[in-house]
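Protein chains: 4
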Amino acid sequence: MKRLLTFTLMAATAAVAVRAQSPSRIVTDTIPSEILGVAKAFSVYLPAGYDDSDRDYPVLYLLHGATDDHQSWLVKGNMRKIADVTYLSGMAVPAVIVMPDAAGEEPGNRGYRMGYFDKPGWEYERHFFEEFIPAVESRYRIRSGKNYRAVAGLSMGGGGSMVYALHRPDLFGSCCPLSGLLAAPRIPDRLIDDEAFHESIVRDDPQAIIREAGPAELDSYRTVRWYIDCGDDDFLYECNVQTYLLMREKEIPLQYRMRDGGHSWEYWQSALPTVLTFISVPFAE
Amino acid sequence: MKRLLTFTLMAATAAVAVRAQSPSRIVTDTIPSEILGVAKAFSVYLPAGYDDSDRDYPVLYLLHGATDDHQSWLVKGNMRKIADVTYLSGMAVPAVIVMPDAAGEEPGNRGYRMGYFDKPGWEYERHFFEEFIPAVESRYRIRSGKNYRAVAGLSMGGGGSMVYALHRPDLFGSCCPLSGLLAAPRIPDRLIDDEAFHESIVRDDPQAIIREAGPAELDSYRTVRWYIDCGDDDFLYECNVQTYLLMREKEIPLQYRMRDGGHSWEYWQSALPTVLTFISVPFAE
Amino acid sequence: MKRLLTFTLMAATAAVAVRAQSPSRIVTDTIPSEILGVAKAFSVYLPAGYDDSDRDYPVLYLLHGATDDHQSWLVKGNMRKIADVTYLSGMAVPAVIVMPDAAGEEPGNRGYRMGYFDKPGWEYERHFFEEFIPAVESRYRIRSGKNYRAVAGLSMGGGGSMVYALHRPDLFGSCCPLSGLLAAPRIPDRLIDDEAFHESIVRDDPQAIIREAGPAELDSYRTVRWYIDCGDDDFLYECNVQTYLLMREKEIPLQYRMRDGGHSWEYWQSALPTVLTFISVPFAE
Amino acid sequence: MKRLLTFTLMAATAAVAVRAQSPSRIVTDTIPSEILGVAKAFSVYLPAGYDDSDRDYPVLYLLHGATDDHQSWLVKGNMRKIADVTYLSGMAVPAVIVMPDAAGEEPGNRGYRMGYFDKPGWEYERHFFEEFIPAVESRYRIRSGKNYRAVAGLSMGGGGSMVYALHRPDLFGSCCPLSGLLAAPRIPDRLIDDEAFHESIVRDDPQAIIREAGPAELDSYRTVRWYIDCGDDDFLYECNVQTYLLMREKEIPLQYRMRDGGHSWEYWQSALPTVLTFISVPFAE
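Residue numbers (the numbering used here), protein chains in the order written: chain L, 79 to 363; chain D, 79 to 363; chain G, 79 to 363; chain R, 79 to 363.
Isolated chain L (complex conformation) (with noise of 0.2 angstroms):
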């Protein structure tokens, strides 16, 4: 009998060989919502060698974009093998990646249900802060601090994680907005006419509250480590741009990198292994 195994499959084997420790992992769980009165499901990354130890992780919460889900990271973003390539190639410190589900209840993953802030009858973002990472934090083993914990999405769920680290700044120890919708966006009406979307991003503008904030609330961003990426060709270039300007004008430390590309998967899969360096480095504390 012929038999061809691929190539990949012999560097698969090969790599086991060598490395004795057990490989990365996602599960797939569910959380039953109170707040938002139905059960939630999300994606869970747990690196090489968790199932080897009784030690704690480091966490970061990364959010998906508009009619995205909590698989759209896995399936679309190619995480698990760019953490476990970045993980192995000993440029990061090992993390749990949570990755929730702010997708609406509409075909196409839209509708009123969809984002990561309050409306009436949806508090999506009390859900996150009260539910949702008390039980991701207790479920697995996570390092409690806010050194340990960082907050990085991208597109709406970069506009997600700026507020969040903004509105909690005690919580997160680095933020990581990709091509983040950061401010409500002037688009033409026939492309965007969901209003209950269109208004929660204006309530929760963060360039309207970094501009509103007072000194005591300055200070408390400070703690925060930025990081902030989105490409020449974006269509969101604009808001990220005046974010960056705003906060180099408030004296907000932060790092901004503006790197060839548009608002493509392609350019967040590169962004990925440079948010997990980045946030590593408070880890070490």
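I should point out that these hints are in silico values taken from the structure, not numbers from a laboratory. Zero decoy hints are in this set.
With a straight-line cut-off of 30 angstroms between C-alpha atoms, the simulated DSS-like cross-links for lysine-lysine are:
| hint | chain 1 | residue 1 | chain 2 | residue 2 |
| --- | --- | --- | --- | --- |
| 1 | R | Lys154 | G | Lys154 |
| 2 | G | Lys197 | G | Lys224 |
| 3 | L | Lys154 | D | Lys159 |
| 4 | D | Lys224 | D | Lys197 |
| 5 | D | Lys328 | R | Lys328 |
| 6 | R | Lys159 | L | Lys328 |
Place chains D, G and R on chain L using the hints.
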């Protein structure tokens, strides 16, 4: 009616508005082969702007790996998006990119008819030079001359690209094997027992070709620009590194990269922009 | 006698042995200017191989910053080594690189005669276009045509390069301002009180030029390939980011990069290889 | 009075305003050695913030090459600026970086007393472990434990770092040889005729150490995180690549990079940020 188009669509629309050239497109084409006795399919990437003028383009022959085919660089390798972005960002000279089919005709794209070399009754290499290149370069607007023709490939196709450029250094300005099968591998029997494939690789071993070359052949190899890239975790590391050692010993100038990674599409995708830049340089001659 | 030559020397020797072309060289040249009433020095980088044939080369005008001169890219910027490596690695098409002198004649390279713009009695820009470019391009083997001419510069020279390309888009295929002074800065009086310099910058403000341009001028700007790069810690961040916003608003295609760093030679050194690649692309036309 | 301060100064001022921590500083220190019978100088980089608290820091021993000394990484390698930027950008955990002096005492920093290994009458390695490390770690606030100690070096110091980590894998969490002299070189007599240096390298050949190691030693080598980097144009390419082949054969996990370049400060400067990130990962344990 409530509508929410995806952000990606919006971004695409905006980008097209600015640049008034025809977008890139993919053609799936076919060539009847007298040598092989069958028709062979191939894929062609025509860069943005190709349809807007009558000018000729440089050409890159981009070879797939074992058990893949002429669609793999497109489907698994995301090559269209990568080439689009590289060209749009102004970091490489647009080329026509031709992806041939060296798959076998057994299930899983394997069997006797797999590979880039000649076997009794299946002279693929002869087909490539005598039928395929001439057909491609008459059907598409290809600039003639060694400087404007490059060959690259991954894994089995990395070996193919290397041997093609060693056999015909007069035809190729640049050659870029990625994670190439650059020697007959010492692979345990249980993994590969396709003898015909194995024999064709033993017969067309790039290191043997170089080792046995006389001064005139060595000089001809020095007229090709070589760029070899194989990750530090790749299971084919040994034959790649030995080819590097041999070429340095023989004073054949080359570029060699060992980046982080294994035998994976992530590695080849991240290699492609550099390959497109590297092959561009002689296009200006 | 015990001798130990440095490893660096050995490496250099080995490299030269392999590639039998003349090495790059630096020429310090002088042009007598009737317009300025003085002789101006300039530096020229001739790439490896320049002395081996009679063929013409593309040209890059590479401008220095305030208080520097025609030697700064060489001495502080390490440009010769960087260009050598970029060209040897095959990632850019070799060009002649010309470094003019826009230093003032007071101590510290400042004073009234500093800068790239026209002032009463010191018409540097007129000198640049009417005397300098023609002299350079007749003394050295420069390929004629917009596609083969690029201009780049750092800080004050970034502003100079941008304004030159806006004033003469027919002359330059590419323009690459690095950390450019792209607007009259709002700088506290205690830091800059050189009024003539300030006034020349106010008069030649790239944003004003773009803002006031009519449709024909805007179309001409679209024939230049723009690459703007300014670090997220740069003190000139604001005028760079605003230029980016303005060019996107005016639908002038551009590349923009915001990498990590400030107003430093490290930043410009790491930008140079990409600039050399970027300007190469139209050389193949 | 007309004044024009350089832009660089302005940038520096602005940056300091935002971040209220003590800047990094360089200490030139001295240790009297009983073993060597002389006093040896060394340089220490204390990261920004070191003077603001009492907390302990991880430590990196960063070794210089042949004919250099404890000031070379500072003067030729620009290490202070590179470390400052890497730490400020949040891509590595700040460490104390110690640069010892293994120069000889003949003109040109060579002669019998040059090198990291023991010779009759000049037991530098014994001095390093018995006198130098203890002195450094008591004078500066160094966190104790293998995880918080790393060693790296270039060329001769790359060899030194590798042998030190092989001799004392219990002491070092990470080891990063850059363009390392990882074997006794086959170098023509006319280039090196310092026999003592040559003999010490033959005696402390990292490949011999690995080849002759028993299972327990091999296991201990696997507790060190290895990062080896040597450019494709380096004249020391062969011993580096062979070390890579040997370590893969012996199943000692390692990172290996072959980037574009030779035996040059440009190469080591561009390697340093990655080294600082790589050694940071175990600091979080």
